[in-house]
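Student: Sequence:
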Amino acid sequence: MPLKNYGVLKGKVVGAKPGGASSNHFHVLIDAAGVSYRIAINVYSQSTNNRDLQFFLAENFQHPITSQVKSLPVGFTEVAQQPDGQALDFIRGNLFDINQMAVIPRFQEGPDNDLNDKINFYIDRALRREATLYAFGETWGPENDRPDQYFSFLPGRGIHDIHMNQGNPNPGPHAWQNGVWQDGGFLIHFEPENNWVGYFLKFQSQSVHTDDLTGHPIPFDQPNLPEVRKGIRMLAALINPIGNDPGLEKILLFNPLPDTISLNGWGILDSAEKKETLSGTLASGETKTITLSGRNAQLSNRGGLITLIDENGLKIHGVNYTEQDARASGQWLIF
60 MPLKNYGVLK GKVVGAKPGG ASSNHFHVLI DAAGVSYRIA INVYSQSTNN RDLQFFLAEN
120 FQHPITSQVK SLPVGFTEVA QQPDGQALDF IRGNLFDINQ MAVIPRFQEG PDNDLNDKIN
180 FYIDRALRRE ATLYAFGETW GPENDRPDQY FSFLPGRGIH DIHMNQGNPN PGPHAWQNGV
240 WQDGGFLIHF EPENNWVGYF LKFQSQSVHT DDLTGHPIPF DQPNLPEVRK GIRMLAALIN
300 PIGNDPGLEK ILLFNPLPDT ISLNGWGILD SAEKKETLSG TLASGETKTI TLSGRNAQLS
360 NRGGLITLID ENGLKIHGVN YTEQDARASG QWLIF
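Numbering (our numbering), first residue to last: 60 to 394.
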């Protein structure tokens, strides 16, 4: 069952309490036009095994979702758990290379060497500079009968599950939270520099290959899921062809692998997950230009996603591009 009350909290950072050595969460106090919220960011797992989280920090985050959430009103906004919108999905959203997530301890002696330190660096900067925070997750409250236990405001309310919310072992105690297009995370926009920073967290127990409907893990004992195919890359795309006629958008594929790969049944997905079906082969060392038909996958000039999947629907490679990337008519964008 997907999360309930999934959405985005937009506001200003006005306080913070790092998790320290004895807490599973880093707590941040947010002011949203005079309304207080607390966001609870996991820095440690309650599981008895592999308790440290995996983490990725994008210090120059560029993605079309930034322009989509920037227009949201201050406060919490519930968003649809679907593609081509304002929801996060670590696997399908092409936010970053999920394989670059690294395990990091919640607390250890010394500067800038644990998860609390990494989170506190930009949270503290947001406290002191002009910045807006966008937290993705599940909201709770208002709790009219009691003040917030960390910052004492009344009524207590906030947002949690600010981490990947799919791929939990099934069966398992958190399998009920699995779903697609409902991942948590938070972005900080430093307005004077127009710089975005993105924080993304997951538990070590969560799979990076999940079912497109349920968000449950895809077991890798299934046939036809060779990890080696992930070497196939999209090198570039012609997003805004001269004349902007349907059927002229192109994507350049490259095979760095030692073997020829069959593309039969493979596909290119756009931001709305519309599929352009591929065929033929891609020899070792070969590049191949894929011309989109204009009837299926389409590349919007407003920014978007391009995802390469195999015949099983497994993601092979994914990229994103912004509206600014698509402005130059007739120019290929190199990824």
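These are calculated hints, taken from the structure and not from any lab test.
Mixed in with the good hints, there may be bad ones.
[Stated by the list, open to error] No farther apart than 25 Å at their CA atoms in a straight line, the calculated lysine to any residue pairs in the SDA-like style are these:
no., residue 1, residue 2
1, Lys129, Thr381
2, Lys289, Gly302
3, Lys71, Pro61
4, Lys334, Gln141
5, Lys374, Gly302
6, Lys177, Pro201
7, Lys309, Gly231
8, Lys333, Asp318
9, Lys129, Thr191
10, Lys289, Lys333
11, Lys374, Phe394
12, Lys63, Lys334
13, Lys374, Leu62
14, Lys347, Ser321
15, Lys309, Ser338
16, Lys333, Arg188
17, Lys309, Ala387
18, Lys374, Ile157
19, Lys129, Trp199
20, Lys347, Trp391
21, Lys177, Arg188
22, Lys289, Thr336
23, Lys309, Asn379
24, Lys309, Val378
25, Lys347, Leu294
26, Lys76, Phe249
27, Lys129, Lys309
28, Lys76, Arg205
29, Lys76, Gly93
30, Lys76, Asn109
31, Lys374, Ala387
32, Lys333, Phe394
33, Lys71, Val94
34, Lys76, Gln357
35, Lys374, Arg292
36, Lys309, Arg288
37, Lys63, Asp270
38, Lys63, Arg288
39, Lys334, Gln357
40, Lys63, Arg188
None of the values given here were measured: they were computed from a predicted structure.
Student: Compare the structure with each hint and give your call.
Tutor: Hint by hint, here is what the structure shows:
1. For the hint pairing Lys129 with Thr381, the CA-to-CA distance comes to about 14 Å; that is within 25 Å, so the pair holds.
2. At most 25 Å may separate the alpha-carbon atoms for a hinted pair to count; Lys289 and Gly302 exceed this at roughly 34 Å.
3. At most 25 Å may separate the alpha-carbon atoms for a hinted pair to count; Lys71 and Pro61 exceed this at roughly 28 Å.
4. A threshold of 25 Å between alpha carbons decides the hint, and for Lys334 with Gln141 the separation of about 16 Å falls inside it, so the pair holds.
5. Restraint check: the Cα-Cα separation between Lys374 and Gly302 comes to about 31 Å, which exceeds 25 Å; the hinted pair is violated.
6. This hinted pair does not check out: Lys177 and Pro201 have alpha carbons roughly 30 Å apart, beyond 25 Å.
7. Only pairs whose Cα atoms come within 25 Å are accepted, and Lys309 paired with Gly231 is rejected, the gap being roughly 43 Å.
8. For the hint linking Lys333 to Asp318, the alpha-carbon distance of about 29 Å lies beyond 25 Å, and the restraint is violated.
9. Distance hint between Lys129 and Thr191 is fulfilled; the C-alpha atoms sit about 9 Å from each other, no more than 25 Å.
10. The suggested pairing of Lys289 with Lys333 holds, with an alpha-carbon distance near 21 Å, which does not exceed 25 Å.
11. Annotation: proposed proximity of Lys374 to Phe394 holds, straight-line Cα distance about 17 Å (limit 25 Å).
12. Between Lys63 and Lys334 the CA atoms are separated by roughly 29 Å; this puts the pair beyond 25 Å, and the hint is violated.
13. Simply put, Lys374 and Leu62 have alpha-carbon atoms about 23 Å apart, close enough for the 25 Å limit, and the pair holds.
14. In summary, the hint linking Lys347 to Ser321 is supported, as the alpha carbons are separated by about 12 Å, within the 25 Å threshold.
15. With a C-alpha separation of about 15 Å, the suggested pairing of Lys309 with Ser338 holds against the 25 Å cut-off.
16. For the proposed pair Lys333 and Arg188, the alpha carbon gap of about 41 Å is over 25 Å, so the pair is violated.
17. Distance restraint check for Lys309 and Ala387: the Cα-Cα separation of roughly 15 Å lies within the 25 Å cut-off, and the hinted pair is therefore satisfied.
18. The suggested pairing of Lys374 with Ile157 holds, with an alpha-carbon distance near 12 Å, which does not exceed 25 Å.
19. Between Lys129 and Trp199 the CA atoms are separated by roughly 22 Å; this keeps the pair inside 25 Å, and the hint holds.
20. In summary, the hint linking Lys347 to Trp391 is supported, as the alpha carbons are separated by about 14 Å, within the 25 Å threshold.
21. The straight-line distance between the Cα atoms of Lys177 and Arg188 is roughly 17 Å, inside the 25 Å bound, and the hint therefore holds.
22. Between the alpha carbons of Lys289 and Thr336 the distance comes to roughly 18 Å, so the proposed pair stays at or under 25 Å and holds.
23. Restraint check for Lys309 and Asn379: satisfied, since their Cα atoms lie roughly 15 Å apart, inside the 25 Å limit.
24. Pair hint Lys309 plus Val378 holds up; C-alpha atoms about 14 Å apart against a cutoff of 25 Å.
25. Distance hint between Lys347 and Leu294 is fulfilled; the C-alpha atoms sit about 10 Å from each other, no more than 25 Å.
26. A hinted pair counts as satisfied when its Cα atoms are at most 25 Å apart, and Lys76 with Phe249 qualifies at roughly 21 Å.
27. Distance hint between Lys129 and Lys309 is unfulfilled; the C-alpha atoms sit about 29 Å from each other, more than 25 Å.
28. Using a Cα cut-off of 25 Å, the hinted pair Lys76 and Arg205 holds, with the two alpha carbons roughly 20 Å apart.
29. Between Lys76 and Gly93 the alpha-carbon distance is near 20 Å, which keeps this suggested pair within the 25 Å criterion.
30. With a C-alpha separation of about 24 Å, the suggested pairing of Lys76 with Asn109 holds against the 25 Å cut-off.
31. A distance of roughly 28 Å separates the Cα atoms of Lys374 and Ala387; the hinted pair therefore is violated under the 25 Å criterion.
32. Of the supplied pair hints, the one linking Lys333 and Phe394 holds, its CA atoms being roughly 21 Å apart against a limit of 25 Å.
33. With a C-alpha separation of about 10 Å, the suggested pair Lys71 and Val94 falls inside the 25 Å cut-off, and the hint holds.
34. Simply put, Lys76 and Gln357 have alpha-carbon atoms about 45 Å apart, too far for the 25 Å limit, and the pair is violated.
35. For the hint linking Lys374 to Arg292, the alpha-carbon distance of about 11 Å falls within 25 Å, and the restraint holds.
36. Between the alpha carbons of Lys309 and Arg288 the distance comes to roughly 21 Å, so the proposed pair stays at or under 25 Å and holds.
37. For the suggested pair Lys63 and Asp270, the alpha carbons sit about 19 Å apart, so the restraint of at most 25 Å is met.
38. With a C-alpha separation of about 36 Å, the suggested pairing of Lys63 with Arg288 is violated against the 25 Å cut-off.
39. In summary, the hint linking Lys334 to Gln357 is supported, as the alpha carbons are separated by about 9 Å, within the 25 Å threshold.
40. A distance of roughly 33 Å separates the Cα atoms of Lys63 and Arg188; the hinted pair therefore is violated under the 25 Å criterion.
Against the hints set out earlier in the document, violations occur for numbers 2, 3, 5, 6, 7, 8, 12, 16, 27, 31, 34, 38 and 40.
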